[in-house]
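Asker: Protein chains in written order, with our numbering: chain A, 1 to 381; chain B, 382 to 792.
Worth flagging that the hints you see were computed from the coordinates, not collected in a lab. Glycine included, each C-beta is placed from N, C-alpha and C at the ideal position. There could be a bad hint or two in this list.
Chain A is nowhere near these chain B residues, computed Cβ spacing over 10 Å in every case [to be verified]:
hint : residue
1    : M382
2    : A747
3    : Y749
4    : I757
Just the calculated beta-carbon pair ranges, DEER-fashion [said to hold, decoys possible]:
hint : chain 1 : residue 1 : chain 2 : residue 2 : range
5    : A       : K252      : B       : V785      : 15 to 25 Å
6    : B       : S641      : A       : T35       : 50 to 60 Å
7    : A       : A362      : B       : D660      : 31 to 41 Å
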Amino acid sequence: MDFELSDEHIALRDSARDFIAERWSPDRMRQALDTPPAALDGDIWQEMAALGWIGICASEDRGGSGGDVVTAIVLAEEAGRGLLPGPLVSAIAAGRALDRCGNSELRVELLPALFAGDSRATVAFDEPGGNPGLDPVQTVAKQAGDGWHLTGTKICVPDVEGAGTVLVPAAAPEGPLLFAVPAGTLTVTPMRRLDAQSIGEVVMDGAVLPSGALCGGGDLVRETFDFLALLTAADLLGGASAALDTAVAYAKERVQFDRPIGSFQAVAHPLADAYVACEIGRSLLYAAALAVEESRPEAPAYVSAAKAWAGETAVSACETALSVHGGIGFTWELDIHLYLRRARAGAVSFGDADFHRDRVAALVPGLDGYSVERQEEGKAR
Amino acid sequence: MDLSFSPEDEEYRIRLRAWLEKHQAELAGAAGLMQGGGSANILDAIGMAREWQRSLYEAGYVGLSWPKEYGGQEATLTQQVICSEELSRSNTPPLINTIGLTILGPTLVQHGTEDQKRRFLPKILTAEELWCQGFSEPGAGSDLAALRTRAEQDGDTFFVNGQKVWTSMAPIADWCFLLVRTDPSAPKREGISYLLCDMHTPGITVRPLRNAAGGIHFSEVFLEDVRIPATNLVGELHGGWSIARSTLGHERSGLSGVLSLETNLIRLWRTAGTLQRGDGVALDDPTLRRELAQRWIELEGLRHLGFRTLTAQIAGREPGASASVGKLFAAELRSRIAGTALKVEGSLAQVAKRSPHAVDRGRWHAAYFDAIGHSIGGGTAQIQRNTIAERVLGLPRSVPDELVKGGGPGE
Numbered sequence: 001m002d003f004e005l006s007d008e009h010i011a012l013r014d015s016a017r018d019f020i021a022e023r024w025s026p027d028r029m030r031q032a033l034d035t036p037p038a039a040l041d042g043d044i045w046q047e048m049a050a051l052g053w054i055g056i057c058a059s060e061d062r063g064g065s066g067g068d069v070v071t072a073i074v075l076a077e078e079a080g081r082g083l084l085p086g087p088l089v090s091a092i093a094a095g096r097a098l099d100r101c102g103n104s105e106l107r108v109e110l111l112p113a114l115f116a117g118d119s120r121a122t123v124a125f126d127e128p129g130g131n132p133g134l135d136p137v138q139t140v141a142k143q144a145g146d147g148w149h150l151t152g153t154k155i156c157v158p159d160v161e162g163a164g165t166v167l168v169p170a171a172a173p174e175g176p177l178l179f180a181v182p183a184g185t186l187t188v189t190p191m192r193r194l195d196a197q198s199i200g201e202v203v204m205d206g207a208v209l210p211s212g213a214l215c216g217g218g219d220l221v222r223e224t225f226d227f228l229a230l231l232t233a234a235d236l237l238g239g240a241s242a243a244l245d246t247a248v249a250y251a252k253e254r255v256q257f258d259r260p261i262g263s264f265q266a267v268a269h270p271l272a273d274a275y276v277a278c279e280i281g282r283s284l285l286y287a288a289a290l291a292v293e294e295s296r297p298e299a300p301a302y303v304s305a306a307k308a309w310a311g312e313t314a315v316s317a318c319e320t321a322l323s324v325h326g327g328i329g330f331t332w333e334l335d336i337h338l339y340l341r342r343a344r345a346g347a348v349s350f351g352d353a354d355f356h357r358d359r360v361a362a363l364v365p366g367l368d369g370y371s372v373e374r375q376e377e378g379k380a381r
Numbered sequence: 382m383d384l385s386f387s388p389e390d391e392e393y394r395i396r397l398r399a400w401l402e403k404h405q406a407e408l409a410g411a412a413g414l415m416q417g418g419g420s421a422n423i424l425d426a427i428g429m430a431r432e433w434q435r436s437l438y439e440a441g442y443v444g445l446s447w448p449k450e451y452g453g454q455e456a457t458l459t460q461q462v463i464c465s466e467e468l469s470r471s472n473t474p475p476l477i478n479t480i481g482l483t484i485l486g487p488t489l490v491q492h493g494t495e496d497q498k499r500r501f502l503p504k505i506l507t508a509e510e511l512w513c514q515g516f517s518e519p520g521a522g523s524d525l526a527a528l529r530t531r532a533e534q535d536g537d538t539f540f541v542n543g544q545k546v547w548t549s550m551a552p553i554a555d556w557c558f559l560l561v562r563t564d565p566s567a568p569k570r571e572g573i574s575y576l577l578c579d580m581h582t583p584g585i586t587v588r589p590l591r592n593a594a595g596g597i598h599f600s601e602v603f604l605e606d607v608r609i610p611a612t613n614l615v616g617e618l619h620g621g622w623s624i625a626r627s628t629l630g631h632e633r634s635g636l637s638g639v640l641s642l643e644t645n646l647i648r649l650w651r652t653a654g655t656l657q658r659g660d661g662v663a664l665d666d667p668t669l670r671r672e673l674a675q676r677w678i679e680l681e682g683l684r685h686l687g688f689r690t691l692t693a694q695i696a697g698r699e700p701g702a703s704a705s706v707g708k709l710f711a712a713e714l715r716s717r718i719a720g721t722a723l724k725v726e727g728s729l730a731q732v733a734k735r736s737p738h739a740v741d742r743g744r745w746h747a748a749y750f751d752a753i754g755h756s757i758g759g760g761t762a763q764i765q766r767n768t769i770a771e772r773v774l775g776l777p778r779s780v781p782d783e784l785v786k787g788g789g790p791g792e
């Protein structure tokens, strides 16, 4: 029984926190709101690649860092805490999908440059009409001779501007398939994300792909979706904790009616509730990360639990943090609105809370610990 | 990270499970009597419950954390968790002497004299002597240190006068551990002592109170010139406050509470899957499905928070923060599960339990009121939030220091 971050995880967390604080600042996100999208300077990305972050949990023999899934959520949480914009999370997810795909030629062709930071890949799930894309409908793959024809539209694709490869799940008669699509065969139109991070629309108008572009089937699509949802949950909780820390510090200092406002229960109790929600969220996040790491059958239910909880927690923690600051909280200069924007955007990326609750409702009765029959048996015994 | 238990611990679980299965009949009898309720067989029920605790004790499953020399097991933390998990899973009634086992016992182990330990601890384990807790008073609830029950020492005897309230088990308890004021002139936390009181002493009147759920669970206890030998003082004279605090600080991982909530949620899921609603069942309603899913998410959050707390305890760290978080969240979740249950019942949620139309024989109304009790007893939800705000987040006190520690309440 050991259910906390290991010393190695904590060391990674601390060094990531320092690196992000040194090389990036919330001010840059604020400026990017006027001149979107937020973009990392080229050398920061190279440095993160050199630190082994892009392939953080990809296998070492393919150029990855060989970390466990927890190392990836540690990085995503720090990205959220430090308001670091993409493409770290989308690149880690794309790299992991390629690392786990059955297509060795694709791995050899794409992974070294991806992990070295020389080229970028992302994943396109969302479809117009509110489908988070776990089960693609509008994007269709048809076999054409040796290769594939891909048609459809994906939206809100993270960090797609400048990506060399887009992983696209598409519907096929045999079920969902995942393709690695060269950016050149797609039409990319930038969209503007609430928090100034880069997202875009991707249109595939009968793009022709060679047979070698196929990465995998439904399992890989599902794994990749879960991984992105998991990292997004981590990013959300990192932001929620940062906003909460800021508000707690302010509540200790700000004096009104001759008392620090944190001594008023109307201020203190919502902060306590936000803390409770963050701790529950972190517990769900670790549960999900461990289930994904061990490829356990309950992994999808735990990922959905973590994502649903983290999205709502981040929004409410940021709203609490903003209101605790009073008038100052509503200024452009204070960072809280940057966190709130990121929380609102992340909460609906890769499935909103209701999507994930529906998924939990569908999955839970089949889980071992929750089988109704098992309870009945227990009573009959 | 690793959520598994060691092979030795899993063997321990298997042995305990086998023991519980073998004693199923005995268990069913005790459970039936405890829940059956009529006053005619209440004495039988108490006798059965004492017997049940005794047989569990003799099998080695009571007093797991206690020292061997006083009848305990000195079991590992994980074995303690496994034991409470399995007891919870097997639908056994709570041990009748739980208050003695979880609050007084650890207090005596830490602060009692050798004589007190030898005299009291073994009989707590066997349920030969049942205990109740005399802390709260009409004027001392959340502000417990404002208590006014007086104890005056005359030679080797304390004379106690005052009133306690919300005392669970009082009508059947043999003993009570009391917080009393021994120095009214001292600041309020510094004039309190911790006494062990024989409930059969003259001058004690117990008046049961009916709670909002309709049950009789707690009582008022009136003390009039009750004589307590000075040898029953625990710790130093006037030193009772820190002793009481130290036991309240013995937080557990809360994992056994998760199991009882899990049992409730599984039952509720089954009810929702069978209860007619329109042309189908309640579970077909997408809003209810989402709400049930949300309860599951919350339950798993609480469970895994418990694993983090346990990890901290195994490593010898103070679980402090996650334990107080778990306590607050568990109480809230309990009431949310009951609230969801009443939604699942729909219009039948208005039907009282004795009606043949009552869903699941009215268990969700009981769960609902029970949850309200849980959010008050042992520190209200508001007090828990104060604790988290002040001790975890480091926010300034909501109540000025002079009122918390302040002067004695006087006469």
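Asker: Run every hint past the structure and note whether it holds.
Answerer: Quick rundown of the hints versus the structure:
| no. | hint | result |
| --- | --- | --- |
| 1 | M382 | violated (5 Å) |
| 2 | A747 | holds (18 Å) |
| 3 | Y749 | holds (21 Å) |
| 4 | I757 | holds (16 Å) |
| 5 | K252/A / V785/B: 15 to 25 Å | holds (18 Å) |
| 6 | S641/B / T35/A: 50 to 60 Å | holds (55 Å) |
| 7 | A362/A / D660/B: 31 to 41 Å | violated (20 Å) |
The structure does not agree with the numbered hints 1, 7 stated previously, though it agrees with the rest.
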